[in-house]
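Colleague: Each chain, letter by letter, is given below.
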Amino acid sequence: MRAGQIYLIIALGLMASSYLKDKQKTKEAIKATFKILYTIMPVLIFVFVLMGLIQAYVSRETIAAMLGEKTGVMGILYAELVGSIALFLPPAVFPFGGYLHDNGAAYGPIAGFVFTAILIGVTTLPLEIKLLGKRFTIARNILTFVIAFFLALFMGLVLG
Amino acid sequence: MKKLFKNDAFRFLFFSVGITLLIYAVDATKGMIVVRTVYLTFFDVLDIIVAVSVFIGLFQVWVKPATIVKWLGKGSGARGFILVCTFPIFMGGSLFTIFPLLKVLREKGARQGAIASFITAWGGKAPLLPLETQFLGWPFALLRLSLVVLFAFLMGFLMDWVGENPAGAT
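Which chain is which? The protein sequence lines are B and R, in order.
In terms of my numbering, the first sequence opens at residue 1 and continues consecutively.
In terms of my numbering, the second sequence opens at residue 161 and continues consecutively.
None of these hints come from the bench; they were simulated from the model.
Fair warning: there could be bad hints in the mix.
[To be verified] Ranges of calculated distance between the beta carbons of each label pair, as one might list FRET restraints: (1) R:P225 with B:K70: 44 to 50 Å; (2) R:W231 with B:K70: 28 to 34 Å; (3) R:S306 with B:A3: 16 to 22 Å.
The beta-carbon is built from N, C-alpha and C at its ideal position, and this holds for glycine as well.
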C-alpha cells in the first residue's frame, strides 16, 4: 500500500472520531480542509510546472554544479538565498526539494533551502515588520539565515 | 477579469497553464516534458495532500488560537519556553497566518525570544511529515525535525540577547 493511502485512512479515522465528538466542529473542519486544499493546490501546480521547466531546460549537471555535493558551503548559501526570496507555501517546499535531490542536489543545500523557504519570506517582511516591529524582523531573519546555514551544513555531513 | 486576477488561486492556475502552453508552442517536446512532470507529480502527491489538509483542518478547529495563547502564556519560565519551542511544530499555516497570532502573544507580554522560538518551531511543520518523507525520506525528515527544536532554542536565546525594541513594538 502507498504511504499516502495509509495517511488518508488515518485522516478519515480522525475525521470520524471528531464527528462523534462534535458534529458542528467537524463541519467546520471539513470546510477548513477544503479551504486549505483550495489555497494549496494552485500553488502546488505552479511549483510542479516550475519543476517541469527545470526538467525540460536545466540539465542534471547544472543542478549538481550549483547545489551538488562538491559545491559545499557555496551550494548551501545559494540554496538559502533562493529559499529566502522564493514565494513558496510550505507544502510546496518538500516536493521541490525532493525533486532537486533526484536531480543531483545534495542534502545540505536542500536543507538550507527548506529552512529558509519556510522561515524567511521576502514577501512576508512587510507584515512581519508591521506586526512585530522592524528590529525584531531584521534580527530574526538574519539569525535564521545564519543558524539555518550551520544546521544545513550539519545535515549535509550526517546524511552525506 | 480584473476581479479574477485578484484571486490567488486563479492567478497561479492561469500562469501555470500559460507557461505550459507557451513552452509547448515554442517546443512541443519540451512542452510534453512539462506536462508529464506536472501530471506524474500531481498524482504522486494527491492523496498525501488531501490527508495533510485534513490534519491541518482538524487541528485548526480543535485547537483555537485563543487556546494556544492561553497554553503558552508568556512563553517565560522553563515550561513555557519548552512549550514554545515544541508545540508550534504541530501547527499548519503559512507565515501570513501565524504573524497575527504572534502579535496577540506579544501583546500578552511574551518576550521577543519566545516569539522568535515560536516562529522557528512552527517551521518544523510536522503536519507535512507525510510530504517530507515521501520526497526526502525519513532520515532527512527526522533529523530536520529534531534540529528544529535546537534551532528554536537557539533563536530564543539569541533574540533575547539582541534585546527588546527600545521604541517598544508592543
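Colleague: Any of the earlier hints contradicted here, and which numbers?
Modeller: Hint check: 2 fails alone, others pass.
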